[in-house]
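Let the hints inform the model, and build the full structure from the sequences given.
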Amino acid sequence: MFGTAANADSPRASGVGRGHWRFDALLPFPADAGLSAGEGSTPLVPTDRLADELDVAAVYVKDEGRNPTGTVLDRGLSVALTAVAARAADGADVEPLACASPGNAGQSMAAYAGRADLRSYAFVPSRCAFSNKAMTNVHGGDMRVVGGRFPDAADAVDEQLETEYTDLAEFVTPYRHEGIKTLAFELVADLGEVPDVVVVPTGTGEVVAGVHKGFRELARIDAIGAVPKVVAAQAAGCAPIAAAIERDLDAPEPWSTPDTICGELEIADPAGGAVAVEAVRESGGTAVGVDDEDILASAVAVAQNEVLEMGATGGAAPAGAWALAEAGFFDGDETVVLLNSDAGLKTPDVLRSHLMGQGI
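Under the working numbering, residues 82 to 441 are what the sequence shown spells out, in order.
Please note that a few of the clues may not be correct.
As the list claims (entries may be wrong) - Estimated spans, in silico, between C-beta atoms of each pair:
{"no.": "1", "residue 1": "99", "residue 2": "334", "range": "35 to 45 Å"}
{"no.": "2", "residue 1": "270", "residue 2": "337", "range": "13 to 23 Å"}
{"no.": "3", "residue 1": "270", "residue 2": "350", "range": "34 to 44 Å"}
{"no.": "4", "residue 1": "127", "residue 2": "172", "range": "47 to 57 Å"}
{"no.": "5", "residue 1": "168", "residue 2": "221", "range": "35 to 45 Å"}
Quick caveat, the hints were computed from the structure, so don't treat them as lab data. Ideal Cβ placement from N, Cα and C applies to all residues, glycine included.
As structure tokens, then:
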């Protein structure tokens with residue numbers, strides 16, 4: 082599916098300590114070499130009310146908003162920066178580090194680059210959330226705000242950096258997927274079994290691909306018998322991966338008029354779209370596009386009924402699950418995991434604006 086840097090033939094994870102580095106037997110670096118700020122070991126929270134509403138056996142929310150910078154992407158950037166730091170220690174000229182990002186990856190890169198004492202540049206679109214912009218600078222990263230949307234930020238990396246750089250974009254470095262795959266390891270470890278369905282908010286396709294990769298590796302070493310269905314939940318206003326699956330295409334076609342309030346989901350031409358489509362199909366899963374209104378309403382409903390603070394992006398998971406339930410996707414006896422990809426404090430203004438639109 083894509084290159085791996087892991088020792089997938091290892092018989093099992095070490096299980097020592099906390100965080101995703103406890104699975105170092107299935108990671109490309111040992112735990113004592115890992116650049117870590119405590120990412121991983123995020124809560125898996127049972128939500129009985131959601132299970133009743135979806136008419137399934139059980140629903141859990143995997144709350145990735147508890148990671149150091151409030152995003153699931155911390156897992157991948159932790160491993161990617163470990164790889165870069167190792168090269169730097171061997172004398173390689175790795176600086177500057179750079180990537181284009183809707184916001185979360187740039188902030189995470191700045192944080193872990195600071196830990197490694199490496200200079201980084203995050204290129205973000207002007208619509209990037211203020212919290213991402215502010216914290217990227219707080220972590221010591223350089224930031225370039227580019228007018229327009231994510232593709233404009235991606236184009237600006239080569240245009241504005243007049244030097245060689247280490248590209249930390251997803252699907253350029255394999256190490257980001259290596260970190261993301263630990264989600265699969267944690268879900269099996271925490272549940273004591275394999276979930277039936279995992280619903281993932283999807284923009285670039287990085288998390289979908291990484292999660293499925295983790296389950297495939299567990300199946301390869303006979304740690305599990307079967308992989309769960311992976312569902313890619315996208316914003317209806319920018320759903321190239323969902324459209325490709327619906328139309329039985331091998332790869333997404335660029336979305337001509339992207340339009341969603343969820344910046345992390347507004348990826349009109351995902352670089353890893355073909356990989357994500359393959360991952361979803363191989364798992365037996367599907368993809369769904371849901372309206373912004375449903376995404377925000379779902380995030381608010383989870384906060385009000387289940388305590389958990391989902392970011393606007395994370396709301397795509399419960400919104401997608403509700404859409405699937407209405408379409409008859411579930412049989413009724415499944416264990417379903419909803420991935421909250423980022424913390425509510427990433428986009429509180431977006432969620433509050435949704436309530437204000439309802440007169441609240």
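Status of the hints after comparison with the structure:
| no. | hint | in the structure |
| --- | --- | --- |
| 1 | 99 <-> 334: 35 to 45 Å | holds (42 Å) |
| 2 | 270 <-> 337: 13 to 23 Å | violated (42 Å) |
| 3 | 270 <-> 350: 34 to 44 Å | holds (35 Å) |
| 4 | 127 <-> 172: 47 to 57 Å | holds (49 Å) |
| 5 | 168 <-> 221: 35 to 45 Å | violated (20 Å) |
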